[in-house]
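Let chain A serve as the given structure and place chain B on it in line with the hints.
Protein chains in written order, with the working numbering: chain A, 47 to 416; chain B, -18 to 134.
Hints in this document: simulated from the structure, not taken from any laboratory.
In this text, all values refer to a predicted model and were calculated from it rather than measured experimentally.
Treat the hints with care, as some may be off.
[Stated by the list, open to error] Okay, derived cross-link-like pairs now, DMTMM-like style, lysine to aspartate or glutamate, Cα gap no bigger than 20 Å in a straight line: (1) A:Lys156 / A:Asp169; (2) A:Lys378 / A:Asp116; (3) B:Lys75 / B:Asp7; (4) B:Lys75 / A:Asp81; (5) B:Lys114 / A:Glu148; (6) B:Lys114 / A:Asp116; (7) B:Lys(-6) / A:Glu286; (8) B:Lys114 / A:Glu346; (9) A:Lys156 / A:Asp141; (10) A:Lys295 / B:Glu113; (11) B:Lys75 / B:Glu110; (12) A:Lys295 / B:Glu(-8); (13) B:Lys(-6) / A:Asp141; (14) A:Lys295 / B:Glu110.
[What the hints assert, rightly or not] From chain B, some residues computed to sit far from chain A (all C-beta separations above 10 Å): (15) Asp7; (16) Glu14; (17) Thr18; (18) Glu22; (19) Glu28; (20) Val32; (21) Gly39; (22) Val52; (23) Gln63; (24) Pro90; (25) Thr95; (26) Arg105; (27) Arg112.
Even glycine gets a Cβ: it sits at the ideal position worked out from N, Cα and C.
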Amino acid sequence: MYVAVKGGEAAIANAHSLLADRRRGDRSVPALRLDQIVEQLALGVDRVMSEGSLYDRELAALAIVQARGDMIEAIFLVRAYRTTLPRFGYSNPIDTGAMLVERRVSATYKDLPGGQLLGPTFDYTHRLLDPELAAGADVAEPLQRETEAQAMPRVSAILAREGLIEPDGEMPQDHIPGDITREPLEFPMARDVRLQALSRGDEGFLLALGYSTQRGYARNHPFVGEVRIGEVELELDVPELPFAVPLGKVRVTECQMVNQFKGSAKAPPQFTRGYGLVFGQSERKAMAMALCDRALRATELGEDVVAAAQDEEFVISHSDNVQATGFVEHLKLPHYVDFQAELDLVRRMRAEYEARENPDVLEDKKEAAE
Amino acid sequence: MRGQEARDQAERKAVMATLAQASGGDIARLWNEAGLTSEAELLRGPETGLVTVRGRIGGGGAPFNVGEATVTRATVRLPSGQVGHSYTLGRDRKKAELAAIADALWQDPAQRQTVETVLVAPLRAAQGEAREKRRAETAATKVDFFTMVRGED
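Chain A on its own, in the form it takes in the complex (with noise of 0.2 Å):
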């Protein structure tokens, strides 16, 4: 038999708008407008639109702002949102070797063609507080240097130059893209399909498994081969036309992970590799992701799978912050009747429980009703 229990609407609905006020916030303090969040917080924009798997800087900021500035929430919307829209199509595969390169620095080569960029970063920064900035001080115009514009080659190309380095993944001639958002996970799964799932995981995880790896749990002696952030352009190809129609630019994060390996029964001494591609600036989930995937490699590469960070089902299964937020927090959801059931059987197992430890005093009990 099936009962079911309503109520709560009211409590639901007043809920709701007890939020609405809480995210507001003081009304003498000016709303956020979604311009000072793309602006202003570009860096939590770019995480949203990286976790979210949708490129739209003015959805993210939405999506922040409504979800108060929680960031798995934010993800959230914008999940649910994309599922309402068409699709069009998949876009011809980006070239980061075309970049408009905003930032690039490489941990192999000092002097590579392009240079090392330093770019808009926090590193070197004394991570100090800025009471200035606190206090609303207008921000300097950044310098600027006349230069050629030169040609920037990934650093890869530069070390296959030897051949001491794997060339970029391969997948068999006749290998259509998996596509996650199509098609259920399957493990074993191709390197494409993870690197899909990676680039949409969660910062946090990756970061942790990533940094599992350099703490010896599947260590792979990493190098920064390079990291590159900068814009590319978008291109589709469409019936209509006859050439790819361009859509605009999109900037992304890429990591090249460079890593010693010894050999194998199935590889000479080389170095390989890990690769990252994220939406947005993010270079630390770029480079958490390169990590992970290079980790993930080692049944390909003969290495015996040993850490967590190596095995595929439970790396791909948990990297996804909207579905363990959700399996997480149904917990609070009601579950009366499931418990009603479960203090039952607790209720029985405890009693025979008591009856096998202490049967005396069952039995004075017994006796003490009767």
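Below, chain B without anything else, positioned relative to chain A:
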């Protein structure tokens, strides 16, 4: 393909790229300043949908899906018969409509020069300036390594 046709296609694509990168506000402002016609029949949209962005493993390897992006598209027909298309990142429907009309006008030999002069050229110039500014700002953060000589001789 004949040379002229290939050149036309490359130019049309470049115009579409300029419009796609421009803000809806800038397009509308130039449009109004120049008094361009926006008389056109909407054949499709403007409608917003998703395009899945693809990257390549390792930067140059096999394609994989990175995530999606919002894209708005429109198709229009001018009273003179030209059909114009637009696809542009984001959800700006007015921008998509104007960009499609601009594409249609550009295909009309009588209008092409006007579209180039009053709309595309200023947008292109502004975009080029912004790109050069960004490049110069980044260049100022380039590391110039130098070697310190220590000790005698």
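Outcome of the hint check:
no. : hint                 : result
1   : A:Lys156 / A:Asp169  : holds, 17 Å
2   : A:Lys378 / A:Asp116  : holds, 18 Å
3   : B:Lys75 / B:Asp7     : holds, 12 Å
4   : B:Lys75 / A:Asp81    : holds, 19 Å
5   : B:Lys114 / A:Glu148  : holds, 11 Å
6   : B:Lys114 / A:Asp116  : violated, 35 Å
7   : B:Lys(-6) / A:Glu286 : holds, 13 Å
8   : B:Lys114 / A:Glu346  : violated, 45 Å
9   : A:Lys156 / A:Asp141  : violated, 24 Å
10  : A:Lys295 / B:Glu113  : holds, 16 Å
11  : B:Lys75 / B:Glu110   : violated, 25 Å
12  : A:Lys295 / B:Glu(-8) : holds, 18 Å
13  : B:Lys(-6) / A:Asp141 : holds, 18 Å
14  : A:Lys295 / B:Glu110  : holds, 16 Å
15  : Asp7                 : holds, 13 Å
16  : Glu14                : holds, 23 Å
17  : Thr18                : holds, 22 Å
18  : Glu22                : holds, 16 Å
19  : Glu28                : violated, 7 Å
20  : Val32                : violated, 5 Å
21  : Gly39                : violated, 3 Å
22  : Val52                : violated, 6 Å
23  : Gln63                : holds, 13 Å
24  : Pro90                : holds, 18 Å
25  : Thr95                : holds, 22 Å
26  : Arg105               : holds, 13 Å
27  : Arg112               : violated, 6 Å
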